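Trainee: Sequence:
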Amino acid sequence: MATRYTDEFRRDAVRIATTSGLTRPQAASDLGVGLSTLNKWVQKHQHDDLMSGPHEDAEKENERLRKEVRLLREEREVLKKAAIFFAGQSR
0 MATRYTDEFR RDAVRIATTS GLTRPQAASD LGVGLSTLNK WVQKHQHDDL
50 MSGPHEDAEK ENERLRKEVR LLREEREVLK KAAIFFAGQS R
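Using numbering that gives the first Met the number 0, the first residue of the sequence shown is number 0, and each one after it goes up by one.
These are calculated hints, taken from the structure and not from any lab test.
A couple of the hints might just be wrong.
Label pairs and their computed distance ranges (CB to CB) [said to hold, decoys possible]:
{"hint": "1", "residue 1": "GLY33", "residue 2": "GLU73", "range": "47 to 53 Å"}
{"hint": "2", "residue 1": "ASP6", "residue 2": "ASP56", "range": "15 to 21 Å"}
{"hint": "3", "residue 1": "LEU64", "residue 2": "THR17", "range": "19 to 25 Å"}
{"hint": "4", "residue 1": "GLU7", "residue 2": "ARG72", "range": "32 to 38 Å"}
{"hint": "5", "residue 1": "GLY20", "residue 2": "GLU55", "range": "24 to 30 Å"}
{"hint": "6", "residue 1": "GLY20", "residue 2": "ALA86", "range": "38 to 44 Å"}
{"hint": "7", "residue 1": "THR22", "residue 2": "LYS59", "range": "31 to 37 Å"}
{"hint": "8", "residue 1": "ASN38", "residue 2": "GLU76", "range": "46 to 52 Å"}
{"hint": "9", "residue 1": "GLU7", "residue 2": "PHE85", "range": "50 to 56 Å"}
{"hint": "10", "residue 1": "LEU34", "residue 2": "ALA82", "range": "52 to 58 Å"}
{"hint": "11", "residue 1": "LEU78", "residue 2": "ASP6", "range": "45 to 51 Å"}
In this text the structure is predicted, and so the values were computed from the model without any measurement.
All residues carry an ideal CB built from backbone N, CA and C; glycine is no exception.
Model the full assembly from the supplied sequences, consistent with the hints where possible.
Mentor: Take a look at the structure:
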């Protein structure tokens, strides 16, 4: 009997096969599916929007990460200035 895969698994497999940088045989092997099966899925879903789904979650995560990057950059600048200050006082 053939293995049944969920639609979500198929979409993820297509995304991995097309965007991961792996060759199709590598991706098929990693996913545990046959190369011909993966090729059929890619052919069938090549025009689908690979980012379909909850965009709000990705938008929120991007905003959170932008804030974190901004905070880390500010902290790095403070540490650089402190290092310069303390290096000058040790003389």
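Trainee: Hint by hint, say whether it matches the structure.
Mentor: Verification of the hints:
no., hint, result
1, GLY33 - GLU73: 47 to 53 Å, "51 Å, holds"
2, ASP6 - ASP56: 15 to 21 Å, "19 Å, holds"
3, LEU64 - THR17: 19 to 25 Å, "24 Å, holds"
4, GLU7 - ARG72: 32 to 38 Å, "37 Å, holds"
5, GLY20 - GLU55: 24 to 30 Å, "28 Å, holds"
6, GLY20 - ALA86: 38 to 44 Å, "43 Å, holds"
7, THR22 - LYS59: 31 to 37 Å, "34 Å, holds"
8, ASN38 - GLU76: 46 to 52 Å, "50 Å, holds"
9, GLU7 - PHE85: 50 to 56 Å, "54 Å, holds"
10, LEU34 - ALA82: 52 to 58 Å, "54 Å, holds"
11, LEU78 - ASP6: 45 to 51 Å, "48 Å, holds"
Figure legend: structure checked against the earlier numbered hints; every hint is met.
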